[in-house]
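Those protein sequences? They're chains A and V, same order as listed.
Just so it is clear: in the first sequence, position 1 is 1 by this note's numbering, and no numbers are missing.
Just so it is clear: in the second sequence, position 32 is 32 by this note's numbering, and no numbers are missing.
I should point out that these hints are in silico values taken from the structure, not numbers from a laboratory.
Ideal Cβ placement from N, Cα and C applies to all residues, glycine included.
Hints may be right or wrong, so weigh each one.
[What the hints assert, rightly or not] List of simulated lysine-lysine pairs, BS3-like, C-alpha gap at most 25 Å:
hint, chain 1, residue 1, chain 2, residue 2
1, V, K20, A, K316
2, A, K323, V, K20
3, A, K178, V, K24
4, V, K20, A, K322
5, A, K322, V, K24
6, V, K20, A, K178
[To be verified] Short derived list, chain V residues pointing at chain A, Cβ under 7 Å:
hint, residue
7, L15
8, L18
9, N19
10, L22
11, I30
12, T31
13, N32
14, R33
15, I40
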Amino acid sequence: MKKYDLIIVGAGPAGSSTAKVASQKGLKTIVLEKRTVIGTPRQCEGRLVATTRSRLTEDVIESMPKRVVLAAIRARRVYSPSGKLIKEISLRDTGARLILRDLFDLELARQAANSGAQIVLNTRVTGLLKENDKIVGVRTSSPVLPEVYGKLVISAGGLAALAGGIPKQEGLTSQNQKVLGGILWELTNVKDIEPDVIEWHTGSFSERGHTHFFPQDEVSVVMETRTVSDLETIKRGNWLISKKIKGAVPLRMTGWTTVLGVGSGLPRYVKDGLILVGSAAGFLGIESAVYSGLQAGEVAAEAIEEDDVSEKKLSKYETLVKKLVYGRGEILRRFYRLSDEQIESILSEIVEGDELQFWDTVPF
Amino acid sequence: MENTKYIDIFYANTLINLNKILTKYEILLITNRGFGVCFIALSSNGEGAGSEEI
Numbered sequence: 001m002k003k004y005d006l007i008i009v010g011a012g013p014a015g016s017s018t019a020k021v022a023s024q025k026g027l028k029t030i031v032l033e034k035r036t037v038i039g040t041p042r043q044c045e046g047r048l049v050a051t052t053r054s055r056l057t058e059d060v061i062e063s064m065p066k067r068v069v070l071a072a073i074r075a076r077r078v079y080s081p082s083g084k085l086i087k088e089i090s091l092r093d094t095g096a097r098l099i100l101r102d103l104f105d106l107e108l109a110r111q112a113a114n115s116g117a118q119i120v121l122n123t124r125v126t127g128l129l130k131e132n133d134k135i136v137g138v139r140t141s142s143p144v145l146p147e148v149y150g151k152l153v154i155s156a157g158g159l160a161a162l163a164g165g166i167p168k169q170e171g172l173t174s175q176n177q178k179v180l181g182g183i184l185w186e187l188t189n190v191k192d193i194e195p196d197v198i199e200w201h202t203g204s205f206s207e208r209g210h211t212h213f214f215p216q217d218e219v220s221v222v223m224e225t226r227t228v229s230d231l232e233t234i235k236r237g238n239w240l241i242s243k244k245i246k247g248a249v250p251l252r253m254t255g256w257t258t259v260l261g262v263g264s265g266l267p268r269y270v271k272d273g274l275i276l277v278g279s280a281a282g283f284l285g286i287e288s289a290v291y292s293g294l295q296a297g298e299v300a301a302e303a304i305e306e307d308d309v310s311e312k313k314l315s316k317y318e319t320l321v322k323k324l325v326y327g328r329g330e331i332l333r334r335f336y337r338l339s340d341e342q343i344e345s346i347l348s349e350i351v352e353g354d355e356l357q358f359w360d361t362v363p364f
Numbered sequence: 001m002e003n004t005k006y007i008d009i010f011y012a013n014t015l016i017n018l019n020k021i022l023t024k025y026e027i028l029l030i031t032n033r034g035f036g037v038c039f040i041a042l043s044s045n046g047e048g049a050g051s052e053e054i
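Input sequences plus hints: build the corresponding full structure.
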């Protein structure tokens, strides 16, 4: 029976970052990915926001081929519910980027593989394998590889895992969390946009309370809605968006998910033989996924080397990722409930030179 | 939160203890404002934190 040092469930940014570090440190690492193509379908709009106190964003970008990065984000335009431009916030100095998320995931996985990690596609993990209550591996739905044994398991299965995968099965999730889903549209033939400016349209025109335009080029954007029919509702309810997307043609429709109410974090992020990373741990955003993955890789290497994968040993990881629990989910949840009048009042308080935390920069 | 009418703005040096702050105030936007972190919140009575130390 083949046994690995590290079994990573999921080849997203968190899983691949863990795999890259762990493999570089000499761990025999296997990544199990349920999809047949890594990064597909695109998991989010691809906004790599700046980390304000580390070089993480720059380091990640520098490791990527140029084709992954669409643009450095020059500015965020904030529009009121009535379609008025409230503020244009300069993001020139933040280092925030628009990336192609599917290519980004693929490149991170390539880096992990180039570092020595084994990646197996089309393999859905269904649960943990235990012997005398001790985690010894994972069970999969693949007839080719029904059981995989290892010393330590990393749950990197994204929000789906948080909603019903290993974190949920192991009782590590919080009661306050609500998983919210919707549609990401890639639209072309969009008018009056700029390729390096994010537009933030707020208001109750949308079931979601607001939507973004993330430009893909001079005439294409990715925007989020809660439902398929919401796109038409938004067109009817907001004259400005309607003007911009009236003649637009959809090129891509994919699902998006986020978790609201994770401000206070999960009760635990590790247990004997198990570490949660990325969205599976409730950390929101690509930067948090990469950061938690890198830390998990380091901690895993140390734990395996010392032959100690106990909760106590792995708790070092919890100390390292504590800074990722900063209330973004809670802020988003609150914003969704605002009336148009309240949104107008709140937005009018933004002044020249402000950098919006959580939307454009993250505090780690 | 439907009846809240007032905007409450206060400042801190850093985002430390944000979770604690979130449980106390209806914060909706947080911005880096050069000299510190600015919290923009809704308040039901206009008697919010102001510039009170938190």
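Evaluation of the provided hints:
1. V/K20 <-> A/K316: Holds - the C-alpha atoms of A/K316 and V/K20 are around 23 Å apart, at most 25 Å.
2. A/K323 <-> V/K20: Holds: A/K323 and V/K20 sit about 14 Å apart, inside 25 Å.
3. A/K178 <-> V/K24: holds (21 Å)
4. V/K20 <-> A/K322: holds (14 Å)
5. A/K322 <-> V/K24: The given pair, whose Cα atoms are some 20 Å apart, holds under the 25 Å limit.
6. V/K20 <-> A/K178: holds (20 Å)
7. L15: Where the cut-off is 7 Å and the nearest Cβ of chain A is about 5 Å from V/L15, the hint holds.
8. L18: Holds, about 5 Å.
9. N19: Holds. Min distance 6 Å.
10. L22: holds (5 Å)
11. I30: holds (4 Å)
12. T31: Nearest chain A Cβ about 4 Å off; hint holds.
13. N32: Where the cut-off is 7 Å and the nearest Cβ of chain A is about 4 Å from V/N32, the hint holds.
14. R33: holds (6 Å)
15. I40: Status holds, d = 5 Å.
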